[in-house]
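K.L.:
From just these sequences and the hints, can you work out the full model?
Residue numbers (our numbering), protein chains in the order written: chain A, 14 to 130; chain B, 13 to 128.
Honestly, the hints are just simulated from the structure, not real lab data.
Think of the CB as a built atom: it goes at the ideal place given N, C-alpha and C, for glycine as much as any other residue.
Any given hint might turn out to be false.
[Unchecked claim] What follows is a set of in silico ranges between Cβ atoms, one per label pair, in the way DEER data are often shown:
no.	chain 1	residue 1	chain 2	residue 2	range
1	B	L68	A	K54	24 to 32 Å
2	A	S31	B	L68	29 to 37 Å
3	A	Q73	B	E32	29 to 37 Å
[Stated by the list, open to error] Residues of chain B placed beyond 10 Å of chain A at every Cβ, according to the derived structure:
no.	residue
4	Y39
5	G40
6	Q54
7	I72
8	R81
9	A99
One-letter residues, chain by chain:
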Amino acid sequence: GAVVSQHPSWVICKSGTSVKIECRSLDFQATTMFWYRQFPKQSLMLMATSNEGSKATYEQGVEKDKFLINHASLTLSTLTVTSAHPEDSSFYICSARPLGQGRETQYFGPGTRLLVL
Amino acid sequence: AQSVTQPDIHITVSEGASLELRCNYSYGATPYLFWYVQSPGQGLQLLLKYFSGDTLVQGIKGFEAEFKRSQSSFNLRKPSVHWSDAAEYFCAVGAGLTGGGNKLTFGTGTQLKVEL
Chain A
14 GAVVSQHPSW VICKSGTSVK IECRSLDFQA TTMFWYRQFP KQSLMLMATS NEGSKATYEQ
74 GVEKDKFLIN HASLTLSTLT VTSAHPEDSS FYICSARPLG QGRETQYFGP GTRLLVL
Chain B
13 AQSVTQPDIH ITVSEGASLE LRCNYSYGAT PYLFWYVQSP GQGLQLLLKY FSGDTLVQGI
73 KGFEAEFKRS QSSFNLRKPS VHWSDAAEYF CAVGAGLTGG GNKLTFGTGT QLKVEL
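P.N.:
Shown next, in the form of structure tokens:
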């Protein structure tokens, strides 16, 4: 149980295009989902927190107009990287907190590797 | 602001040997501490967590960790490593989890290699 999937697992795109990454909780409902970014040999950095049906809360320094987050249902959140540039190339990881569980509980997806050419 | 340091980027141990992965944290209040493991192509899996109480915490897969407030450490240990333990290990501290916050701050990870 408590499986989180991400799609795609990797994507290559041209500079200037937009890329959408999906995060799904497969066997539970998630009131809250988190998006992280991980650069090589660096830690996971929280980008934003999204709650179903409301606007995402972005961490300081994260451009909300560039990284669009939608959490339209209790099982799906999407991250869209708009007008992607090479510096956006990274490993993007989502996590989900099950409905009714404590704040300390998060289940992580396998990540999406983005390469912008 | 909270921070986590994992001093060892890479560690290599022989199968059957003991393991200790180091984690030091900085946080102004009582920390909520976690260890996660990440295998290629898989999401981070929670090994164990510490909130309060007994400072020696038992986790899955035979792992344990000890919280030492005086040293601001939360080192992960396993008495006998198996080849399947080869993976990347992340220590994390949770900020404000009882106060309504959500944020996990991660260390940079330690890559464990197991020699057969």
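K.L.:
For every hint, state whether the structure bears it out.
P.N.:
Taking the hints in turn, this is what the structure says about them:
no. : hint                          : in the structure
1   : L68(B) <-> K54(A): 24 to 32 Å : holds, 31 Å
2   : S31(A) <-> L68(B): 29 to 37 Å : violated, 49 Å
3   : Q73(A) <-> E32(B): 29 to 37 Å : holds, 34 Å
4   : Y39                           : holds, 14 Å
5   : G40                           : holds, 18 Å
6   : Q54                           : violated, 5 Å
7   : I72                           : holds, 13 Å
8   : R81                           : holds, 19 Å
9   : A99                           : holds, 13 Å
The structure is inconsistent with the numbered hints 2, 6, although it conforms to all the rest.
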